Amino acid sequence: MHIVDGALSNPVVIGGAVLAVGGIAMGLRKLPMEKIPAAGVLSATFFVASLIHVPIGPSSVHLIMNGLAGLVLGWAAFPALFVGLLLQAVFFGFGGVTVLGVNTVNIALPAVIVYYACLRGVRSPSAVAAAIWGGVGGGLAIALTTGTVAIALALSVEEFLPAAKLVFFAHIPVMIIEALLSAAAVFLARKVKPELFGALTVLHGAKGGIQ
Amino acid sequence: MGHVLSKSEKTLKASGAPDAQGSFVSGIDPRLRIVAAVAYAVVAVACHWIPVLVLALGVSLCVMLAECLPIARTLKRMAAMDSFIIFLLLLLPFTVPGEQIFTVWGFTASWEGVHQAVTIALKANAIVLMLMVLVGTLEAVTFGHALHALRVPAALVHLLLFTVRYVEVLHEEYLRLRQAMKARGFKPSNCLHTYRSFGYLVGMMLVRALERSERILDAMKCRGFTGAIPLLAKFELSRRDSAFAVLMGVVMGSFPVLEYLYGAV
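Protein sequence lines, in the order shown, are assigned to chains A and B.
Just so you know, UniProt numbering puts 24 at position 24 of the first sequence, and the rest follows in order with no gaps.
Just so you know, UniProt numbering puts 116 at position 116 of the second sequence, and the rest follows in order with no gaps.
Accuracy of the hints is not assured; some may be wrong.
Some chain A residues well away from chain B (every beta-carbon gap over 10 Å; in silico) [to be verified]: (1) S124; (2) I172; (3) M175.
Per label pair, the in silico range of CB-to-CB distance [unchecked claim]: (4) V141/B x A129/A: 40 to 46 Å; (5) V61/A x L90/B: 15 to 21 Å; (6) P194/A x D82/B: 42 to 48 Å.
Hints were generated in silico from the structure; no laboratory data involved.
The structure displayed is predicted, hence computed values, not measured ones.
Backbone N, C-alpha and C fix where the C-beta goes; we use that ideal spot for every residue, glycine too.
Here chain A stands alone, though its shape is the one from the complex:
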């Protein structure tokens, strides 16, 4: 899902960078120093989650879990996922330099959309309803991510369009798996620690860092 340097046109790269800077600024504004430890540890969790490989047919995929990241982090998903992508680019060589902004938007914008679309459902009184909303969020985030990747590619080079479409359809099984995993994760977290969702964003019930 990482786009590399050289694949995108200048307007797309610049547009992505501007959007990413805006999102990161927005996320940092909602992140006082007291919540940085919580955000950092959660950011590390999603980094580790992206190293998990889940079997799919004869092959396996690595998790992205950006829907879940949105539900837990809210706008802070922007800086948290940016940090993950930056570390991956620098130390693993995944992705690139100039495309860092576009890659951040592709992963973090769906997270924020899921936060607004599904958080209410995930905090609903019934754990089963919460799990269903978590699954919807998990699947939606991957669908949106592949969608934005496809748009970034197609806007840059028209001839990428067929490939971008193929990438989207090839990711439908991934969407389903991420949806199932997110639903299970929400179901468990709802039983064990319901305040996890919105821990960084909702001021009153938040034990995640503030006193």
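Please build the complex by placing chain B on the supplied structure of chain A, with the hints as guidance.
Showing chain B alone in chain A's frame:
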């Protein structure tokens, strides 16, 4: 940072390699290395003439050799990036219209498409290799401090430092949980049970992470945390840094000049 970024792996350096003398970029100011890698990326992306891009990849390879990095491991990482895009690049010759070269199952490949795919592959590899050699060889903590010195907001730097610190811890926790699952007879396969178990695993990791972060904050407060963490590292430019800056400037400056003079396509 995790097993993938363990001490020896993280910095891509041969274990026990001396840090200061001998190698090309080791002693260079981390700020300068970050700026150089970003500038190199911008210049390489802006170029389009293939010989110049081959030269750019050559320069990256030379810097890698000068830095005495383990060649096989570094190139393997570069190849890992290529595996992300290989699919996209392979399709490009068939989707870009132009002069026909060959046909596969009724799809015709065009020269223009091949040209475009080669251009992208060269740029991506040249840039990522330079980034891994110049910046990827830094300690992750030094990288954070250098970003702070480059005016990246302190909150973002702290977020980065916390992430770097806890990726390792949480990866160990992940391995412990996986071992516990294995001890109970869990074997990943293509079934709902597997997906539900992995979901519970991720959920459990999140719950534990949040609880851990509460303990961390309490411990920080216990030691007098008042809402600011000092970032103390100071960097100073030496004469060697200036020489490096001039050299990189000349190399990067030569790319557009060469393209302008000879690459009039």
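Verification of the hints:
1. S124: 17 Å, holds
2. I172: The claim holds: I172/A sits with its nearest Cβ about 15 Å from chain B, beyond 10 Å.
3. M175: 13 Å, holds
4. V141/B x A129/A: 40 to 46 Å: The hint (40 to 46 Å, Cβ to Cβ) holds, given that V141/B and A129/A are roughly 44 Å apart.
5. V61/A x L90/B: 15 to 21 Å: 20 Å, holds
6. P194/A x D82/B: 42 to 48 Å: Check passed, 44 Å falls within 42 to 48 Å.
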